[in-house]
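**Q** Sequence:
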Amino acid sequence: MSKHANLRLTAKLLPIIAPFIAKNDIRYYLNAINVRPHKDGGAVICATNGHALGAIHDRDAVCEQEVILRFDARMQQACAGGPKDERAVVMIGDRLAVVDEGGTDLYIQAGRPDVEATYPSYARVIPKMEELRPGLVGMFGANLITLCEKAAAAAAKASGKKLQHDTAMQFFSVKGDPNLSAVVRLWAAPEFIGVLMPMRAEGPMAVMPSWAISLPPIDDLASMTKTASAPAATEAVPA
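Numbered by the working numbering, the letters in the sequence shown go through residues 12 to 250 in order.
Among the hints, erroneous ones may be present.
[Said to hold, decoys possible] For each label pair, taking beta carbons as the anchor points, the in silico distance ranges come out as: (1) 71 to 181: 42 to 50 Å; (2) 218 to 136: 27 to 35 Å; (3) 95 to 50: 24 to 32 Å.
[Said to hold, decoys possible] Capping the alpha-carbon separation at 20 Å, the derived lysine to aspartate or glutamate pairs in EDC-like fashion look like this: (4) 34 to 188; (5) 14 to 96; (6) 168 to 97; (7) 34 to 116; (8) 161 to 202; (9) 95 to 116; (10) 172 to 160; (11) 14 to 105; (12) 168 to 96; (13) 139 to 105; (14) 168 to 77; (15) 34 to 105; (16) 173 to 96; (17) 50 to 71; (18) 50 to 77; (19) 34 to 160; (20) 34 to 127; (21) 95 to 188; (22) 161 to 177; (23) 168 to 202; (24) 161 to 83.
Calculated directly from the structure, the hints in this document are not laboratory data. Yeah, the Cβ is synthetic: ideal placement off N, Cα and C, and Gly gets one too.
Using the sequences plus the hints, can you model the full thing?
**A** What follows is the structure in structure tokens.
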């Protein structure tokens, strides 16, 4: 019997974390998710590609000890249920599986799921709350922002939220320093936190492009939009 035989995770939370799983990284353990028991109950599910980290507290999870789990694409698809969907990720024998509310397996992942390695601790990456300042400061790769967008979309789906603002994200910077990490929070997933590493730019960007520096005052904008007078009607030429 697997030492993680009693593991149980809320399936719809996994697609929120999945974007942060590394792809074909030589650090093989980053191509997986990390699950750790939390002192207040449940477990924290975490993934990182080394440049961005996503973590969420699954309050209903059953996790007796830390585990690193492979999590393939079909498993991610099987987890993606709606707000009323009670799918769970469990161990069936020594295989990771998604089951419905009645316990019927929807997908069983092939191969041994647990990975023997030491996974980076999210506690060492997540900044202290008192260090955070509202706003995104510094330069960040567009690919990292895309990961956050995917997580926000998955969170909105999992919670049943369908309005545009339900995919909203809020960013915070550490000490307002452009050289330090940033934190992202998701409107649709209050238990989620993401941490992004900044890019090392060659130099600071100009605040504005040169053409935008000398724009006309706002009062003059009306004169820029005036339409030309309509041409006078042409008199008929007598036959």
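**Q** Quick check: which numbered hints come out false for this structure?
**A** 1, 4, 5, 7, 13, 14, 15 and 21
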